[in-house]
Amino acid sequence: QKEVEQDPGPLSVPEGAIVSLNCTYSNSAFQYFMWYRQYSRKGPELLMYTYSSGNKEDGRFTAQVDKSSKYISLFIRDSQPSDSATYLCAMSVGGSYIPTFGRGTSLIVHP
Amino acid sequence: SAVISQKPSRDICQRGTSLTIQCQVDSQVTMMFWYRQQPGQSLTLIATANQGSEATYESGFVIDKFPISRPNLTFSTLTVSNMSPEDSSIYLCSVGSGMRVTEAFFGQGTRLTVV
Chain A
1 QKEVEQDPGP LSVPEGAIVS LNCTYSNSAF QYFMWYRQYS RKGPELLMYT
51 YSSGNKEDGR FTAQVDKSSK YISLFIRDSQ PSDSATYLCA MSVGGSYIPT
101 FGRGTSLIVH P
Chain B
1 SAVISQKPSR DICQRGTSLT IQCQVDSQVT MMFWYRQQPG QSLTLIATAN
51 QGSEATYESG FVIDKFPISR PNLTFSTLTV SNMSPEDSSI YLCSVGSGMR
101 VTEAFFGQGT RLTVV
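These protein sequences, in sequence, are chains A and B. According to our numbering, the first sequence holds residues 1 to 111 in order. According to our numbering, the second sequence holds residues 1 to 115 in order.
No lab work stands behind these hints, which were simulated from the structure alone. Quick caveat: nothing in here was measured; it's all calculated off a predicted structure. Heads up, a few of these hints could be off.
What the hints assert, rightly or not - Taking lysine-lysine pairs in the DSSO-like style, the calculated list, with each CA pair at most 27 Å apart, reads:
1. B:Lys-65 / A:Lys-42
2. A:Lys-2 / B:Lys-65
3. B:Lys-7 / A:Lys-42
Looking at chain A on its own, in the form it has when it is part of the complex (with noise of 0.2 Å):
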C-alpha cells in the first residue's frame, strides 16, 4: 500500500461546477497538508497549505483535512477553464521533512 492514495483521473467537468479531489493515506503522523497545481509543461505550485485538521479557504478553492478518516479534500467552487490542470496533494510529517506526494489528478473543465 502506497502512503498516498490519488487517482489520477482525469475528472471532467463543466464549467461552473463543484470540484471535489480527494487523498487518502496511510501514516497517521502525517500533520501537514498541502496541494500543488500543475499546468502542463510547468512545475508544480503550491495552492493551498494546511497543518492538522479542518478546513481552510482561500477563494473558490477549500482545503478539507479529516485526520480521523486520513483523508484529505480540495472543493473548487464555480471552476474555470483556467482550472484545468493537474492537482497534486502532498503531507508531511512536519515542517522541516520531505513532503510524500501522490500521483496527481488530472482536471479538465470545459466550457
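With chain A's structure known, arrange chain B on it following the hints.
Just chain B now, with coordinates in the frame of chain A:
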C-alpha cells in the same frame, strides 16, 4: 517566493550519453532538491543538494548515475549519466521556504527523452 530558472526545458538525447540540468534561484536558499516525475507517477525525490558537501541521495538513486553539484546557495546542477530510455522523465528542481520544505517552489522542469 523564490523564482527558479531551470534549463534546458527539454532535450532528446542518445542512450549512453549524459545530460546536465541547471537550476538557478533568484535568492539564496538553504534547502534545494531534485525530483523525478515519471508519467502517471508521483514526484520522487532523487536527492537533497547540499551546499559545500556531497548530496544526500534517496534509496534507489546513486551518485554515479545522478551526480549533483551545489557550488553556492543559488545554483545547482543534476547530471543524468549513461542514459537509457528508462531515464526518460521530467526532472524538477525545488527549493524550500527557509527551512520549511512543506512550502516548496519548483522550477518548470526538464523534459528528457532518451532514444
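Results for each hint:
no. : hint                : in the structure
1   : B:Lys-65 / A:Lys-42 : holds (25 Å)
2   : A:Lys-2 / B:Lys-65  : holds (26 Å)
3   : B:Lys-7 / A:Lys-42  : holds (12 Å)
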